[in-house]
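Undergrad: Residues per chain are reported as follows:
Number of protein chains: 10
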Amino acid sequence: MSKQEAAQQVRVARRRAGISWAQIAEQLGVAKEWSTAALLGSHPMTEAQAEIVQQLLDIDDAAAEALQMQPYRAPLAEDVISDPTVYRFHEALMVYGPAIKELIHEEFGDGIMSAINFQMSVERRPHPGGDRVVVTFDGKFLDYQW
Amino acid sequence: MSKQEAAQQVRVARRRAGISWAQIAEQLGVAKEWSTAALLGSHPMTEAQAEIVQQLLDIDDAAAEALQMQPYRAPLAEDVISDPTVYRFHEALMVYGPAIKELIHEEFGDGIMSAINFQMSVERRPHPGGDRVVVTFDGKFLDYQW
Amino acid sequence: MSKQEAAQQVRVARRRAGISWAQIAEQLGVAKEWSTAALLGSHPMTEAQAEIVQQLLDIDDAAAEALQMQPYRAPLAEDVISDPTVYRFHEALMVYGPAIKELIHEEFGDGIMSAINFQMSVERRPHPGGDRVVVTFDGKFLDYQW
Amino acid sequence: MSKQEAAQQVRVARRRAGISWAQIAEQLGVAKEWSTAALLGSHPMTEAQAEIVQQLLDIDDAAAEALQMQPYRAPLAEDVISDPTVYRFHEALMVYGPAIKELIHEEFGDGIMSAINFQMSVERRPHPGGDRVVVTFDGKFLDYQW
Amino acid sequence: MSKQEAAQQVRVARRRAGISWAQIAEQLGVAKEWSTAALLGSHPMTEAQAEIVQQLLDIDDAAAEALQMQPYRAPLAEDVISDPTVYRFHEALMVYGPAIKELIHEEFGDGIMSAINFQMSVERRPHPGGDRVVVTFDGKFLDYQW
Amino acid sequence: MSKQEAAQQVRVARRRAGISWAQIAEQLGVAKEWSTAALLGSHPMTEAQAEIVQQLLDIDDAAAEALQMQPYRAPLAEDVISDPTVYRFHEALMVYGPAIKELIHEEFGDGIMSAINFQMSVERRPHPGGDRVVVTFDGKFLDYQW
Amino acid sequence: MSKQEAAQQVRVARRRAGISWAQIAEQLGVAKEWSTAALLGSHPMTEAQAEIVQQLLDIDDAAAEALQMQPYRAPLAEDVISDPTVYRFHEALMVYGPAIKELIHEEFGDGIMSAINFQMSVERRPHPGGDRVVVTFDGKFLDYQW
Amino acid sequence: MSKQEAAQQVRVARRRAGISWAQIAEQLGVAKEWSTAALLGSHPMTEAQAEIVQQLLDIDDAAAEALQMQPYRAPLAEDVISDPTVYRFHEALMVYGPAIKELIHEEFGDGIMSAINFQMSVERRPHPGGDRVVVTFDGKFLDYQW
Amino acid sequence: MSKQEAAQQVRVARRRAGISWAQIAEQLGVAKEWSTAALLGSHPMTEAQAEIVQQLLDIDDAAAEALQMQPYRAPLAEDVISDPTVYRFHEALMVYGPAIKELIHEEFGDGIMSAINFQMSVERRPHPGGDRVVVTFDGKFLDYQW
Amino acid sequence: MSKQEAAQQVRVARRRAGISWAQIAEQLGVAKEWSTAALLGSHPMTEAQAEIVQQLLDIDDAAAEALQMQPYRAPLAEDVISDPTVYRFHEALMVYGPAIKELIHEEFGDGIMSAINFQMSVERRPHPGGDRVVVTFDGKFLDYQW
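Those protein sequence lines, which keep their order, are chains G, W, A, D, X, P, U, V, L and S.
Remember, my numbering sits 13 above the position in the first sequence when you count from 1.
Remember, my numbering sits 13 above the position in the second sequence when you count from 1.
Remember, my numbering sits 13 above the position in the third sequence when you count from 1.
Remember, my numbering sits 13 above the position in the fourth sequence when you count from 1.
Remember, my numbering sits 13 above the position in the fifth sequence when you count from 1.
Remember, my numbering sits 13 above the position in the sixth sequence when you count from 1.
Remember, my numbering sits 13 above the position in the seventh sequence when you count from 1.
Remember, my numbering sits 13 above the position in the eighth sequence when you count from 1.
Remember, my numbering sits 13 above the position in the ninth sequence when you count from 1.
Remember, my numbering sits 13 above the position in the tenth sequence when you count from 1.
These are computed hints drawn from the structure, not numbers from a lab.
There's no promise every hint is true.
[As the list claims (entries may be wrong)] Only pairs whose alpha carbons sit at most 30 Å apart, straight line, appear in this in silico DSS-like list of lysine-lysine: (1) S:K153 <-> G:K153; (2) D:K153 <-> A:K153; (3) G:K153 <-> W:K153; (4) W:K153 <-> A:K153.
Isolated chain G (complex conformation) (with noise of 0.2 Å):
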């Protein structure tokens, strides 16, 4: 079984046990955000986590099993990248690329953000005019060395 079939079933699995992705993460002692990543397949889980996951979801052994297998971290396919919800991120890479590349080298000099060393996060802000969605990336600024 691959990681994506694995994961397609943990995302029935989920919606059929009536448990949050937040809640997925709690019983795992982890970010939300890294778990959700986990089992939709971008990383390997420990065979612990693949058990507790096991017994939420009531996932069969080959899914257990997949989600502890060494990832391939695949491009979004189309019908991924053009969902609205995950395109109106990369609209802004669009708008603002450019400026986060002129901002990050004034402020540390040529380089990059990590994306191996690196965490994220999703959050909701409240706000009179509606509420806000706010993601976060935060990665360790690497220098070009020779």
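Since the structure of chain G is already known, use the hints to place chains W, A, D, X, P, U, V, L and S on it.
TA: Leaving out everything else, chains W, A, D, X, P, U, V, L and S in the frame of chain G:
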């Protein structure tokens, strides 16, 4: 003169003038993320803003006029997308995009983070293991309404 | 079962049942444009709506469940984009897209028509030279706000 | 001079002259949607129309001649398709395209909405929750005839 | 069963039955070009036509039903476009496309040959230097009308 | 000067001179389809032909020389393929391509219609329901020979 | 069964039977280049040829039937084009393609080497510096004829 | 000056000078296939070779210098690949590529024909049914060695 | 069974057997880089090698047979290219590719590093600032020879 | 002046000055791999470095300034990727990429070789069967850390 040509003139002029992006923002009285994006062609400036920029950077009249034009907010060129500093953000979306979608729907229901009613920030967070780049996306939630 | 497979089952079942898309909408008490899009996978249905559909069309439980899932709103497949009935709308955007942009900015300023706070309609307009297809896009204007 | 170069000259000249697209249309005695599209290169103008434009906007002879040439009605460039104001229309077709096709066939049978015998409009509709952009596509139905 | 699968079944069944495309057309009382296209999935057949085909070729009920469905008229797959017999038509359009456009506009003005109100034929023309394939496209002229 | 630049000069010069494509062909003593294609860059002209064109249209020496050069017969640019007048021919191939292939093989066996030993015509056919564009492709059949 | 599936069955069966491509050709009484291409799906075989192949390789009836079907001669899949043994031929065309075109026109005038009235060979040429692969393309010259 | 610009200058100069590609090769004392490819930018020439070319064709110093530069051996542009004279070679690889691979492995084992230690020829072979173009690829076999 | 399916079976079997890639290589008596590539489908194994693998990993006969087949050495799939562990190598080629080309030509003249007469290694180099991945490409230089 | 134009000026100037890439590196006191990449646009130089280059190669002020600018590290253009000297490295990644990934994970766990904290070398290794090109990639291992 296109907004892209004006942006290129701004970049060279800013370097020669020895003024930081943050200092330009301060003179304009706006966030550095907004003004940098506007100077690179993603937002139209008012006539007053364009005049301040012209005085600070000694750009020509055609460039100052171009800064005020309504932009086409175009996709990033291949050489920008693949630049490692910009690419890491796409890689992070690749790894976390589906998780972001699930978590937005869990928290808010069916809808999107607006990329129009939206602001973002680029900041340095000191860290003993190496300082970190923190980029925050902050947009109004919009639910699907018929 | 994916929403695409459910949509395919709906199309066949609707044809066998001899029920029109408009009649399904009437039973659901919603606009025919919304329900047809939802049945083809673009919007999630409530459990109550899915049950009505199941009774009308005699689709199986898995299809009824799929209709309630949160969709990925994917780009049209090549065989749909190129279908002449669909393609003419892309051709019209090709011919009039830049004019639409100019006229929206002239009337409203810098911003967009929302595709989330949005509804559309498909209607027949009788005409002596041959009846006409009238499709209306109606979305809230959103201005760029920082 | 190409029609694209003429369109660019028109855009700059119109801004300097402080004349709206609607005013140009009024002078020409045509719909603002048609004239804006024609001035941006999608339709050929008559010699009389081009002369009126030349007087209003003070464009040069080559541009006035280009406005009269038979166009190649080309696909939108990537920077136009991805511009958020234009993109939302493609997103709406993405979400509703298959429903539009089903509803046209249900109402009219096998055939298409003509994009040649066709007109469209862009209008503002006041609304307490925020004014709305209303774009209407109106084309003759053509049925498949052997 | 999709129309493509039905088309594949038709091709095999026709070969086994030893009936030519022209003979099928004769039984249906339609042009061989129309019926061959319909049997390959480009046009919907009536129930009566599908029954005649079923009797002639001994295809199953699902295939006969698929022949009656409203098609998506999809672009040719790469293996069809590149097939030398099909490719030569694309090569001819490559060489003569712009000339065809100029000559249509010279003869008819601004507009198109309809591909909906349209018929075509494939014929053999005897010739001492080797017989010739003669393919004729015949569509109603449609002029741009606002 | 490239053949494309020469073609552009020819188009403008022809319009200014008020001479039709058919009249140029008549002066050259060749079919209007061949000469129009040659003037647009798809075929090399002889020195004598280029001289007649130069006299008729008052093009410069470099253009007249370019008309005589051996062409690269290139694929149509995107703006030509998508032009509605040209696109309808591709749409017709999309709908009828596989039927054309089947009918050629049924009539001739395994092989192709040559696009080299080939001629085509564009004609008007009067019709009470609206005059029709008739385009004929006529090429020698070539069978696969080892 | 498609011709591709038949080709795959042939490859496995040939390996198990321990018969070379050259031996199959010998039994068929044709060139090994033709029969290998036919067995891999590029040419239709006669019923007699397919029977000989079936006896030699013990393939099933559906495969033998597929070998006789009229092929779509499709473009090479990416995994075939990029295979180093095949890719070097594309690389050679990349380096020498324009020279081949110039030399054909210098020797023959405006026209092409036919790929239909065509044969090719693959041979070993002994050489003290290492034996060489010699592949010869041999096609009838066709000149552009109107 | 790029090698492509030099190649273009060479083509025009050769035509004006009335010298054949074969005559240039003869003056250089090399195969006409090598020198034509080198003059079109695929191989670097020595200073002595470039001087001979300069004298024969009267090209300028920058072009003569460009001929000596180390090339980037680039893929063929789309207008070259699709040119019918060049395309037929790609079509032949499309039809025979897999057979070539099988026959090379049958004769030589796992490995490739070198495209570096390689030569090719273009020749006319007289034939009663029409003279033939014969193109030979001749490269050293290289086996996979670890 | 394809080589890709065999590779997938090998990966799962290796994990279950708890044997490292290096241990398999040791049993085979070859470099771990060669055997890992071969087990993943890039090289054919001998019958003896396949038998050893079968005993070590308990794979089935079809997989063992597939390991011996001549491979198509295909391009990496998108999900492999974009995997961050693999992508960094493409990024390094992006940054250093032109420099590598210049330095090879400076040292060796016009030619290439063979990818056929070639070996590579993956090693860990301890380093106080964090251990390093060292990957070495080592191929015979081949100069362009006519 | 862009960094690409500066790189082109450097290449020509270096050739005219008769100075090797290695000699430039020696004057700069850096590795030849770093300085060649920097001169070709992949790294920014300090003002002092740019001055040394200017003296050695006699490039103009704009080029010296461009060498100091922060680069966009763009993907290789198609003509560079397909150049045989560069392509062989992509072919090697094609054949060994998945094996490299497996071996890195086996040795280091889940993570990547940094392409930022990274150096590489190009060397000649004498060999009786023909000297060899040895290219080494050496980057810090980064493990996935949340």
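Undergrad: Okay, which hints does this one fail, numbers in order?
TA: none
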